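Take these sequences, add in the hints, and give me the full structure.
So the protein lines, in turn, are chains Y and X.
So that you can map any letter, position 333 of the first sequence is 333 in my numbering, and since no number is skipped, the others follow by simple counting.
So that you can map any letter, position 48 of the second sequence is 48 in my numbering, and since no number is skipped, the others follow by simple counting.
Quick caveat, the hints were computed from the structure, so don't treat them as lab data.
Note that the coordinates shown come from a computational prediction; the quantities given were computed from them, not determined experimentally.
No residue lacks a Cβ here, since even glycine has one placed at the ideal position from N, Cα and C.
All the given hints hold, so there is nothing to weed out.
So, partial list: chain X residues that the calculated Cβ filter (under 8 angstroms) puts toward chain Y:
(1) Asn47
(2) Pro225
(3) Arg257
(4) Phe281
Straight-line distance between alpha carbons at most 30 angstroms, and here's what the computed DSS-like set of lysine-lysine pairs gives:
(5) X/Lys57 with X/Lys4
(6) Y/Lys268 with Y/Lys335
(7) Y/Lys57 with Y/Lys4
(8) X/Lys115 with Y/Lys51
(9) X/Lys51 with X/Lys310
(10) X/Lys51 with X/Lys4
(11) Y/Lys310 with Y/Lys299
(12) Y/Lys115 with X/Lys30
(13) Y/Lys310 with X/Lys4
(14) Y/Lys51 with X/Lys4
(15) X/Lys116 with X/Lys299
(16) X/Lys51 with Y/Lys115
(17) X/Lys261 with X/Lys335
(18) Y/Lys115 with X/Lys115
(19) X/Lys268 with Y/Lys261
(20) Y/Lys310 with Y/Lys116
(21) Y/Lys4 with X/Lys4
(22) Y/Lys335 with X/Lys261
(23) X/Lys57 with Y/Lys57
(24) X/Lys115 with Y/Lys30
(25) Y/Lys57 with X/Lys51
(26) Y/Lys30 with Y/Lys4
(27) X/Lys51 with X/Lys30
(28) X/Lys116 with Y/Lys4
(29) Y/Lys4 with X/Lys57
(30) Y/Lys115 with X/Lys310
(31) Y/Lys51 with X/Lys116
(32) X/Lys169 with X/Lys299
(33) Y/Lys57 with X/Lys4
(34) X/Lys51 with Y/Lys310
(35) X/Lys116 with Y/Lys115
(36) X/Lys4 with X/Lys116
(37) Y/Lys310 with Y/Lys115
(38) Y/Lys4 with X/Lys115
(39) X/Lys115 with Y/Lys57
2 protein chains.
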Amino acid sequence: MNLKQFSEILNLSQTTVSRALNGFPEVSEKTRNRVQSAAIQYNYHPNTQAKSLATGKSMAIGHVLPVNKQEIINPIFTDFIAGTGEILSRSGYHMAVTVVEDEGEEAAYRDMASKKSVDGVILHGPRENDSRIPLLQELGIPFLVHGRAQTTETPYSWFDVNNCRAFKKATELLIDLGHHRIALLNGLEYMDFAVRRRRGYEQALAQAGIELDPSIMRSEEMMEPYGFSATMQIMQQPNPPTAFLVSSVIPAMGVQRALLKLGLQPAKDVSIVIHDDQLSFLPADLFTASRSSIKDAGKRCAQMLLEQIKNPNAPPLTELWEAELIIGESTGPAKNK
Amino acid sequence: MNLKQFSEILNLSQTTVSRALNGFPEVSEKTRNRVQSAAIQYNYHPNTQAKSLATGKSMAIGHVLPVNKQEIINPIFTDFIAGTGEILSRSGYHMAVTVVEDEGEEAAYRDMASKKSVDGVILHGPRENDSRIPLLQELGIPFLVHGRAQTTETPYSWFDVNNCRAFKKATELLIDLGHHRIALLNGLEYMDFAVRRRRGYEQALAQAGIELDPSIMRSEEMMEPYGFSATMQIMQQPNPPTAFLVSSVIPAMGVQRALLKLGLQPAKDVSIVIHDDQLSFLPADLFTASRSSIKDAGKRCAQMLLEQIKNPNAPPLTELWEAELIIGESTGPAKNK
DNA sequence: TGTTTCATCCAAAGCGCTTTGGATTTTTCG
DNA sequence: CGAAAAATCCAAAGCGCTTTGGATGAAACA
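See the structure below:
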């Protein structure tokens, strides 16, 4: 059923029907009600493409997901879009997801711009210096960065969690518990968030007068086997740490597996603090954690992007959330030697 | 830049340019080359909406993701779309992802049909008797089910892994190793795949003359804490099992955590066999597993759906893959009492 | 040379919607 | 009651593309 047919049923012009459905004031309440209930009755929805073509808005926001060399997509993405999707669908938007190999990302954005296939974009996983930001600015697509890029100085909109502070506090907690050798299992340190996390860790150690020891610091993609093997290795070195600071629940599962395998009890023998993205399928209360919901982040990102699409000339929006420090069962006082 | 402007640059009609770009034979190779290289030079891409409107194809395929009461989206979705997306983008399609609350799913499909916003749909997580299948048939949207629905008898296209056989073989493996008390940690048993898995387990036990024992069988959403708590509970019952058959790597991580915590060694004290969807961020070789790549499934589903969109009157396509049984480090002979 | 065929290109009609500018009807008020 | 103002509705132009049904010119043939 298209507008023409639908308006003939109602004995109204296409104009009036369109206006009635889109909330314009030039139509009486009586007519509007009649139109709206008929739309439900006949299950009439305007054709998406035609509407987009006429209005120039695609009513879609894009996610470009790079599949990296290891062929994995970051699993937090699932939770993120659960949040984003909820907000967007409430506003009549949908999500256009494009999966690309790492190098194809720029082409994907150019494509979107040229085809006018999305009204805005959420940028994932910003690097310290991220070329996608100037690209999107050049292309004129409204976008919101989930995270930040340190070295980019032209202003842009972002939403981030205070990773530096979160890790500083987490480290301080461990220090207060008497830990002096604290291992850091960080994410890949070309990612902006990982750099900030490391900085927080370093600041806390410096304040306490503890020297950095690269032999108990690692930086890799946040997968379970990474946590396991790093822990096995680090714990079998001379002078092993008494605590681990881990960048995500996923490698933390590996840390725990390693400790148990080594006959060590979490909390009692070795403390663990993690940054917890609250992945819904992994245990929540197991670890002491700086917690920050990825799903809520998704929601907020969607809201901010929509706001920006609405008034494109407003200055960039930025928002920084603090992580909450949650004491779980994975920390305890350092054992005296 | 739109077609009009672009064709003026080339001193050609819009018709000729459109035909040159879309591979029609009525245009000389010389002209085609000229047009194609100019398209690259000026970064001309046809407007998506206009093209869709004119052709009647949206060049999009839809995923509807229900967020369940626990507010989680199945994490295997990430790996699945990594596969799907790769195939689709190669054919010029993109993915439209809609997140809905459980009840909103039907409305989401009706919406898609009425708005003509997608050319096809991939249906996730079929129930034993799934009302979405007749709905999509009624709406006339081409669709492919990832999985099957036992009790639906009108034919439809599906792709599935032989869950029954996989679990039968896995159970037989354990039996051959001398295990007679085998716990089953299944997924939610209103899901079709879970029913089939249970059936495989039951068949193997029956063949070996082992009676079912509901006290060592569980059925829940496949999350890590489920594996942990079920294992703790089951192992502390009288006459605990010597082996676990687990529906996914995620709860299996919990099983392992529980065993280690109880001071039991996987493989040596208690064997574990899992069904492994090869989630890229969890350990792969840790477990003996019936393995089947979710990403490859995503690829194949995309291909099948595209084929179906191409010839809509062809009979439904179906494909059943066998899982591979991989011997890992989590199984060993049953201990003699 | 005049007639047929190809090869090549084009003008214009849609696809289903929004929106401008105007027409028609109803209400208001001196 | 008649004119002006307000309320309500409509015809038609466009959004940027594809595609039908010709038109045009070059090559082929007799």
